[in-house]
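> With chain U fixed as given, assemble chain P onto it according to the hints.
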Amino acid sequence: MKIVEVNNISKKYNLNQLAEPVSLRNGIKSLFSKQEKSKDYFALNDVSFSINKGDKLGIIGNNGAGKSTLLKILSRITNPTSGNIQVKGKVASLLEVGTGFHPELSGRENIFLNGAILGMSKKEIKAQFDEIVDFAGPQISNFLDTPVKRYSSGMYVRLGFAISAHLNPEILIVDEVLAVGDADFQKKSLGKMKEVAANEKTILFVSHNLTAVSNLCNKTLHLEKGKVKQMGDTSQVLKNYMSEVQSKKMYFSAETFSSGLGNELIRLKYAEIKPELAKDLDYWTINDPFKLHFEFWNTLDDVDLNVSIHLYASTGECIFNIGNKPARFNAGVVSTDIAIPGNFLNDGSYFLSIMVVKNSSIVLANFEELFEFEIADFRENTTWYGKWPGYVRPNFPIEMKQLTSKI
Amino acid sequence: MAFYSKLFSEIFHERELLFILAKRDVSIRYKQTYLGVIWAIIRPVLTMLVFLFAFKNVAKIKDISGFPIQLIIFSGVIFWNLFANTFQAVSNSILANNNLVSKVYFPRLIIAFSSIAVSLFDFIIGLIVYIILSLFLVHTLPITFILLPVAVILVLLFSVGLGLLFCSYSIKYRDFLQMIPLIVQYGFFVSPIVYTAQSLQISNWFNIYALINPLVGVVEYARIILIPTYHVASFDFIYLSILTCFVTFFVGIYVFTKKESSFVDYL
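Chains U and P are the protein sequences, given in the same order.
According to the working numbering, the first sequence holds residues 3 to 409 in order.
According to the working numbering, the second sequence holds residues 3 to 269 in order.
Bound conformation, chain U alone (with noise of 0.2 Å):
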């Protein structure tokens, strides 16, 4: 039975009218002025998807792919331009955690208050209060009178979602609310998560995070640019889409030597960055050690080179820098190879550079960003999906063992 149905949904922003201030002398000037050319935005175009009561739909897709507007037209918030949507069942959207909190209010009132928003009744919040205060944790339980602002934000955050935990509704809209909270609510918030998937109620999930999506989701829609990309079962959803955003720029290479990169001095003619494991995982995770292969046109004669390679997180800062020790080499073709393990880079984005030094100290090339790169998180047996914090992420051994058995 189909539970949810979109047709040919787009929605329309006008850009002049994003950019300018709307006023009432703008309203006016445009009803006397020409129709000036306006520039749309689609932030949808032509959507159209269905799920089955009982689906559990992961919803991707880079930043302005289109996914809150999708979750917004979706929850009633704001109305496609074009289009249809067909929703049967009780819908309660997440967008946020504690929507409508009041800081003055008591976290007492605010669960009441939270919840009418959320669509419960008073009757459903009385019931559950106990299960809610309790799923919110101790701390909250000993401030139930204090105003909401005393509240940390751990608290506050908390709070918000053993409320939504605690919604009964047929379909679930949910934006990224399971990023919140410290790791131990979060393993919790996802256990009640998995708990909802469980039983037949059909969930709509928007993540970035494709371990929790691939977990709970049997059914994956990929949006870009406003539109569908791919819509099917998770685990193709997930394999096209990784090896689509890492097939970024790992590839060089020059034919001859004036269409290389570079200088007089010094010419880029091969470079690669290869996983070596991603060719059968299709897509590149944290596990996967990976080689770094490049060959340059070097024109000087007797001399001692040297590379250095730096690393940049997506952020700007540098992970690492590499270098290797002088060798003296004559004009020709020099190549290089590197290989770094895997269980060593975290996930995220990154950026590689390569220097080419002479006599360790004078830089004859500088390939900045040459290669951009993506890797993608990976674990297993675990309940935990957060961002895992950390610019590397070392597989180091623990040794933990049992001391005396008594206290």
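If you are wondering where the hints come from, they were derived from the structure by calculation, not from laboratory data.
Here a beta-carbon is modelled for each residue, glycine too, at the ideal position from N, C-alpha and C.
One should not assume that every hint holds.
Taking beta-carbon pairs under 8 Å as the criterion, some of the chain P residues facing chain U (in silico) [what the hints assert, rightly or not]:
hint: 1; residue: ARG26
hint: 2; residue: ILE30
hint: 3; residue: LEU122
Straight-line alpha carbon distances no greater than 25 Å define the calculated BS3-like cross-link-like pairs of lysine-lysine that follow [stated by the list, open to error]:
hint: 4; chain 1: P; residue 1: LYS105; chain 2: U; residue 2: LYS203
hint: 5; chain 1: U; residue 1: LYS92; chain 2: P; residue 2: LYS58
hint: 6; chain 1: U; residue 1: LYS194; chain 2: P; residue 2: LYS260
hint: 7; chain 1: U; residue 1: LYS124; chain 2: P; residue 2: LYS174
hint: 8; chain 1: U; residue 1: LYS293; chain 2: U; residue 2: LYS251
hint: 9; chain 1: P; residue 1: LYS174; chain 2: U; residue 2: LYS41
hint: 10; chain 1: U; residue 1: LYS151; chain 2: P; residue 2: LYS25
hint: 11; chain 1: P; residue 1: LYS260; chain 2: U; residue 2: LYS14
hint: 12; chain 1: P; residue 1: LYS25; chain 2: U; residue 2: LYS125
hint: 13; chain 1: P; residue 1: LYS260; chain 2: U; residue 2: LYS90
hint: 14; chain 1: U; residue 1: LYS203; chain 2: U; residue 2: LYS125
Showing chain P alone in chain U's frame:
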């Protein structure tokens, strides 16, 4: 008609949310104030005292009407405050609750309606002060007092209707927000709040004026039922004002409902 009955049944269905939002507004109104609810008394009393001073000591006006001037002014002021506070609250309701509007769906009228609560609460406090004042000055409260809810409902119909219109348009054109303080500031003086309509009633444009500004008819109606022996020459203007109250309310709701789905795009 079907349009309105469907709408009101939808609102009735969500009445729990309406009440809890109203309760929220009332309970935070005087949070972290030392005097609390007393502020709801201070405001109208102070307004009355200022005008008493202006009339008696500065302008040296003798009692124009033969009715206790304190009751004339105070009844006018509490009804004016009911109008002004409701009108402003409803006009601002969507913008003030934009965190809700952009995150959850429910009929947006709920937000607008719930914002009446605070001004109604202040009105009731003011009314209690009025009753005490009336018992003290004229030692009686006329039996027609029980008709007071009619006057209250009429003021609410007008102020909510006007508020909904301003709310609907101000979300796209914030210019309308600039007009609100002007209306509240000057409306006070052009409506019979600190004076009675009796002096105006002889003018030939008076009935048209009562149609344009229904507060004229409604405030006078309130005085008739509140102040013993208070009377007006003719009731025609009151009926005209009542007509405007209803028309404004239904037009306001209609416009608001037609525009509500686009609110979120302009917030």
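> Take the hints in turn and mark each one as holding or not.
For each hint, the structure was consulted:
With a least beta-carbon distance of about 6 Å to chain U, the hint placing ARG26 of chain P at the interface is held under the 8 Å criterion. With a cut of 8 Å, the hint placing ILE30 of chain P at the interface with chain U holds, because the nearest CB-to-CB distance is about 5 Å. The beta carbon of LEU122 of chain P comes no nearer than 19 Å to any beta carbon in chain U, farther than 8 Å, and the hint placing it at the interface is violated. Distance hint between LYS105 of chain P and LYS203 of chain U is fulfilled; the C-alpha atoms sit about 21 Å from each other, no more than 25 Å.
A threshold of 25 Å between alpha carbons decides the hint, and for LYS92 of chain U with LYS58 of chain P the separation of about 64 Å lies outside it, so the pair is violated. In summary, the hint linking LYS194 of chain U to LYS260 of chain P is not supported, as the alpha carbons are separated by about 39 Å, beyond the 25 Å threshold. Only pairs whose Cα atoms come within 25 Å are accepted, and LYS124 of chain U paired with LYS174 of chain P is rejected, the gap being roughly 35 Å. Simply put, LYS293 of chain U and LYS251 of chain U have alpha-carbon atoms about 15 Å apart, close enough for the 25 Å limit, and the pair holds.
Proximity of LYS174 of chain P to LYS41 of chain U is assessed by CA-CA distance (about 19 Å); at most 25 Å being required, the pair is judged to hold. Between LYS151 of chain U and LYS25 of chain P the alpha-carbon distance is near 18 Å, which keeps this suggested pair within the 25 Å criterion. Between LYS260 of chain P and LYS14 of chain U the CA atoms are separated by roughly 19 Å; this keeps the pair inside 25 Å, and the hint holds. Our distance criterion of 25 Å between C-alpha atoms is met by LYS25 of chain P and LYS125 of chain U, whose separation comes to about 17 Å.
A threshold of 25 Å between alpha carbons decides the hint, and for LYS260 of chain P with LYS90 of chain U the separation of about 24 Å falls inside it, so the pair holds. Proximity of LYS203 of chain U to LYS125 of chain U is assessed by CA-CA distance (about 22 Å); at most 25 Å being required, the pair is judged to hold.
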